[in-house]
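**Q** Start from the sequences and build out the full structure, keeping to the hints where you can.
Chains as they are written, first to last, in this note's numbering: chain A, 440 to 777; chain B, 3 to 314.
FYI, nobody ran anything at the bench for these hints, they're computed from the structure.
Each hint should be verified, as a subset may be incorrect.
[Unchecked claim] Each computed DSSO-like pair below joins lysine-lysine, with the alpha-carbon atoms no more than 30 Å apart:
no., chain 1, residue 1, chain 2, residue 2
1, B, Lys93, A, Lys682
2, B, Lys93, A, Lys575
3, A, Lys575, B, Lys33
4, B, Lys117, A, Lys682
5, B, Lys134, A, Lys682
This structure is a prediction, so every number in the text was calculated from the model and none was measured.
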Amino acid sequence: MKGKRLINISKVIGKYLFRVMTLLLATSIVAFVLVSLSPIDPVQQYVMGAGAVSMEQRETISEYWGLNAPPTERYLNWLSAILRGDMGVSLLYRQPVARIISERFINTFALMMTSWILSGIIGFVLGCVMGICQGKWVDSIIKRICLVLCSVPTFWLGLVFLLIFSVWLGWFPIGFSSPIGIADTDVSIWQRLYHLVLPALTLSFISFANVALHTRQKLIDVLESDYVLFARARGNDTWTIMKRHGFRNILLPAITLQFASFAELFGGSVLAENVFSYPGLGSAVSAAGLNSDVPLLLGITLFSTLFVFLGNFIANIIYGVVDPRIGEERPHGQAIGD
Amino acid sequence: MCHSNLPLLEVDNLSVSFRMYDRAFGQRDLKVIQDLAITVNSGEILAVVGSSGSGKSLLAHAVLGLLPQNATVSGRMFYKGKPLDEQNQRKLRGSEIALIPQSVTYLDPLMQVGKQARGTDKSPERMRRQRKVFQRLNLTRQAEKLYPFQLSGGMARRVLFSTAIITDAELVIADEPTPGMHLDQALEALSILRELADIGKGIILITHDIDLALQFADKIAVFYAGTTVEESPVADFIKGPGALRHPYTKALWHALPQNDFIPIDGFQPYAGNLPDGCLFAPRCPLKTPECEAGNPHMRKLRGGKVRCVHAT
Ligand SMILES: Nc1ncnc2c1ncn2[C@@H]1O[C@H](COP(=O)(O)OP(=O)(O)OP(=O)(O)O)[C@@H](O)[C@H]1O
Ligand code: SF4
Ligand SMILES: [Mg+2]
Chain A
440 MKGKRLINIS
450 KVIGKYLFRV
460 MTLLLATSIV
470 AFVLVSLSPI
480 DPVQQYVMGA
490 GAVSMEQRET
500 ISEYWGLNAP
510 PTERYLNWLS
520 AILRGDMGVS
530 LLYRQPVARI
540 ISERFINTFA
550 LMMTSWILSG
560 IIGFVLGCVM
570 GICQGKWVDS
580 IIKRICLVLC
590 SVPTFWLGLV
600 FLLIFSVWLG
610 WFPIGFSSPI
620 GIADTDVSIW
630 QRLYHLVLPA
640 LTLSFISFAN
650 VALHTRQKLI
660 DVLESDYVLF
670 ARARGNDTWT
680 IMKRHGFRNI
690 LLPAITLQFA
700 SFAELFGGSV
710 LAENVFSYPG
720 LGSAVSAAGL
730 NSDVPLLLGI
740 TLFSTLFVFL
750 GNFIANIIYG
760 VVDPRIGEER
770 PHGQAIGD
Chain B
3 MCHSNLPLLE
13 VDNLSVSFRM
23 YDRAFGQRDL
33 KVIQDLAITV
43 NSGEILAVVG
53 SSGSGKSLLA
63 HAVLGLLPQN
73 ATVSGRMFYK
83 GKPLDEQNQR
93 KLRGSEIALI
103 PQSVTYLDPL
113 MQVGKQARGT
123 DKSPERMRRQ
133 RKVFQRLNLT
143 RQAEKLYPFQ
153 LSGGMARRVL
163 FSTAIITDAE
173 LVIADEPTPG
183 MHLDQALEAL
193 SILRELADIG
203 KGIILITHDI
213 DLALQFADKI
223 AVFYAGTTVE
233 ESPVADFIKG
243 PGALRHPYTK
253 ALWHALPQND
263 FIPIDGFQPY
273 AGNLPDGCLF
283 APRCPLKTPE
293 CEAGNPHMRK
303 LRGGKVRCVH
313 AT
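**A** Put into structure tokens, the structure is as follows:
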């Protein structure tokens, strides 16, 4: 039994590894082709503002960056840099891409996790409240707010928050992940948190509505189910029904949805980071795009693909572990009691 | 044992309609049950028979106050002589009146069935009772830990059955509890109901299987198109059509395989499209013009009740 299970698990892991490899390869090729087609000339961007630069100098830079090689060769060069582990050197920051990503990712990760947890909790609680009060005014008000929030663009909400809380009320700083002019090592955790609040709030405001509306619908379905009707027939009150049947049946879809939302979270953080000048991966990726910094752009693309894939992977695993109906064939079957 | 004169449950003149919305007619009320009447005494099994859609489950849900929001209920229902209003229903549900629901979808797909059978009561006594009932119904200790999807249809039915049996309810409403069970298991389940009746509880046994009803019940109520057409002692069914009262009941008797096995012509009318007079008139061989002057009243006849102007 145990050996069989191990084989099964390694099979599943093998399958996922294969998938992620092909996914990364495909993403990198598509991304590479797209940036190759970009009209922005990285050398031009680089020398802009550097005064007069002669044709020869440009040619040297171009040569130095390996831009003159044919596309396939450039792609393969970059691929070997990936395999070396440093992911190539960013044209913009003159540093290995791996290092930039690891530094910036900490900021982005803090931002995303804060808003991920916030939006998950707020969304779930509001969804439950709406589901329980379905059809009453509480439900319709919250539902309307959620529907509005669903259609609000991240950057716009970011600007509004910035305007209200930073410019008018002055409660929060206008940008960056730490105070300006203080060495990175001297920044306290509180200062970091302080700079995190507004972007995180923006990001979670954008995504909790989705979770809330989904949870609401799921809970309504559950509350209209036969098994809840039966629970009422047995004299259970609403709160008992929520505890025994409600959460049990809606938690799993909510968690899965939450993990599957990594992609939107990443997209949202690009915008939020730009609005708040927050130095994470999101602002780096737009800088890379605007300057045709191919290694950096590709690096971040690959990294975020991996990240989103991981989210979906975790969602699947959770479903398999928590839901008894998945990943287990009828173990005892008819042998029992029949 | 409580054999007072008051019936345990009395339902009189019950009607249920659903508010429906459709494009052609806008809002309208669809009356699916009218003039329904049954009486259950302590110590008795009342079998309720009738074809699909005749309103058997709706009666069960109406008694417990479980009909959906768009349903309107009128008529009178008494439990031990007290009117069954919303407040009373809420108090009695699960403690005094227990339901055995009709379908396995009434089990929570994500909860182990042992836990579901025991319900909210966490006492060791409850656990002991659940084990006893499971054992009697041929469900093993391992079965407690299974989820509904891991059960066969018959096992799930037995779990549903046990939910009501382990309570102390005075009135058990069993909505078709036996389909999917093996014959010996069905017999075992029904003899449990019989034992409960014998110690003074009242049972409503909704069933399609008249044969089983004949073996275990005391009285049979026959439903047709949302109304009761006859209520008679089981003995009359055994004696045959001569002892029965309503033309539909007689036709049902003739339709039984061990009798003539002759099916009844025609179809039960659909709610919203009911005939004006007697609901059985379109299919009735004894129909006269009098039959179409309104739905006949339920009247007492030879130790039973019947809704037919010509019954003797
Ligand atoms: N929520 C509802 N809305 C509208 N009509 C309904 C609703 N529930 C039941 N009905 C109708 O009421 C009638 C009686 O239904 P009921 O479930 O009581 O039948 P039944 O006698 O239990 O049948 P079966 O033997 O198939 O279980 C049916 O015609 C059904 O279509
Ligand atoms: S009232 Fe008339 S139509 Fe109705 S069952 Fe009796 S004889 Fe038949
Ligand atoms: Mg039914």
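**Q** Are Lys93/B and Lys575/A close enough, with their CA atoms no more than 30 Å apart?
**A** 25 Å, holds
**Q** Checking one constraint from the list: CA of Lys117/B to CA of Lys682/A, max 30 Å. Satisfied?
**A** 14 Å, holds
**Q** Keeping to a limit of 30 Å between CA atoms, is the pair of Lys575/A and Lys33/B held or broken?
**A** 27 Å, holds
**Q** Straight-line Cα separation of Lys93/B and Lys682/A no greater than 30 Å?
**A** 20 Å, holds
**Q** Does Lys682/A sit within 30 Å of Lys134/B, going by the straight-line distance between their CA atoms?
**A** 27 Å, holds
Every hint, counting from the list given before, is met by this structure.
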